[in-house]
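K.L.:
End of the sequence shown sits at 452 in the working numbering; the numbers just go up one at a time, nothing left out.
FYI, nobody ran anything at the bench for these hints, they're computed from the structure. Please note that the accuracy of each hint is not assured.
[As the list claims (entries may be wrong)] In silico BS3-like links for lysine-lysine, alpha-carbon gap of 27 Å or less:
#, residue 1, residue 2
1, K36, K90
2, K139, K36
3, K227, K158
4, K133, K48
5, K149, K48
6, K342, K301
7, K92, K133
8, K34, K80
9, K158, K139
10, K188, K80
11, K188, K48
12, K309, K330
13, K227, K48
14, K274, K227
15, K163, K92
16, K36, K227
17, K245, K158
18, K188, K219
19, K48, K80
20, K219, K36
21, K34, K48
22, K227, K34
23, K48, K158
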Amino acid sequence: MSVLLELGEFGDIVIDLLLDYAPRTCENFLKLCKIKYYNFSPIYGVQKDFSFQTGDPIGPESLASDGGSSVWGVIGGPTKRFFPAEFHPKLKHSDRGTVSMATAPAAVNPDERVCGSQFIITTGDSLDYLDGKASIFGKIVEGFEVLEKINNVFCDHKGRPLKDIRIRHTIVLDDPYEDPPGLIIPPKSPPPTAAQLATVRIGEDESFDENEDPAVAEKRRRDREAKAQALTLEMVGDLPFADVKPPENILFVCKLNPVTHDEDLNLIFSRFGKILSCEVIRDKRTGDSLQYAFIEFDEQKACEQAYFKMQGVLIDDHRIHVDFSQSVSKLSDSWRSTTTHKRKVAATSRGFGGSSQLEKKRQYREQKYSPEEGQQRNDYVFDAHSTLKPSKYDSSRRDSHYRQTHEIRDKEQHRSWNRNSDKRSNREETRYRRSRSPDQYHHSEHKNNRRN
């Protein structure tokens, strides 16, 4: 039961696992190697003639690192990140090339130690200090010259090699354990993530000059980190592309007086050229000035003149500081809104066969109820949009039917109103007659009868 670790230009090492002494630890290590969990993991914690450490996929110096996880944590979630460490009394850190899991006190019981994914390889003999603190599960059988190279590399004060040493690939030579449920084995080695690329110092394909100026080396390291961060922002959608550059016609102004307004800056800087926009950034909640602004000129030359002329100028009793803007928020907002608009158009537009002028024919069977037969029957097949989108002729017929229906309804309402009016007038006349004296009432009745 062995595993081969490829360390790039440093060489390969082969680890024999001690299944009889640490079966659960060996199973965890084998399965992590099988799912390529250790790919691109950096080597760190190098202590000459003592040991070095690896197994954290990102590296302990990165803020994105969680310290690694066991295979059961990869499958079941953070609650299963660690498992109890196995310590066998016969296993000691007495020989060079001893492989053991790094352990830590358990959160619930400090007397119990737990393991995750990080492991240690010794580069010295008789290291009794690690006994009881690191759980031994294997030994190096091939690649001792690789251990010697790692033991002699240049490192910083934290034990991190100046030139990256990483596990490029893991090969399981023999696996006697069954795969746990839910274990996903990738078909090939996955590429390094953006978080892993962000921790690269000097790659294996780069030359390292011991006499190089530290300032130059630091500048190159910062440029590499900036590229990695830009790539991460591109992947999450905050930047249109990693190599985006800020516009050269926007000036950044800071150290402003809180009483300075947009109109004041616009008036002062307009002497250098046409200004497209001038905005003092304010707090969204209170509306107070944050004492910096962005001024966008129509031409780059006007922006350069303002940069050289306005440095340290006194505005509202404050000496301002100007610089070329490094913000790409406007470009990102414009790109994001354009992309969102394209997606909405693509989602709502109809088309077929790659053309927006074509539409897939949709058909259905119209269901009608037949009173004679007393049952539901299906009529012949109609085209969908012949019913959904009626023609001009159908629309005119529908409008004509609508007008006729309303005319009939209006006539019926008018007749009903006339009948009600006649009834109302008869009732009022009868009420008037009854309100008079009986003699007058009979006299009027007699006149009406004579007339009739």
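K.L.:
With reference to the structure, classify each hint as holding or not holding.
P.N.:
Here is what the structure says about each hint:
no.	hint	result
1	K36 <-> K90	violated, 31 Å
2	K139 <-> K36	holds, 20 Å
3	K227 <-> K158	holds, 24 Å
4	K133 <-> K48	holds, 19 Å
5	K149 <-> K48	holds, 11 Å
6	K342 <-> K301	violated, 34 Å
7	K92 <-> K133	holds, 11 Å
8	K34 <-> K80	holds, 19 Å
9	K158 <-> K139	holds, 26 Å
10	K188 <-> K80	holds, 26 Å
11	K188 <-> K48	violated, 35 Å
12	K309 <-> K330	holds, 26 Å
13	K227 <-> K48	violated, 33 Å
14	K274 <-> K227	violated, 34 Å
15	K163 <-> K92	violated, 31 Å
16	K36 <-> K227	holds, 26 Å
17	K245 <-> K158	violated, 35 Å
18	K188 <-> K219	violated, 35 Å
19	K48 <-> K80	violated, 34 Å
20	K219 <-> K36	violated, 33 Å
21	K34 <-> K48	violated, 30 Å
22	K227 <-> K34	violated, 31 Å
23	K48 <-> K158	holds, 12 Å
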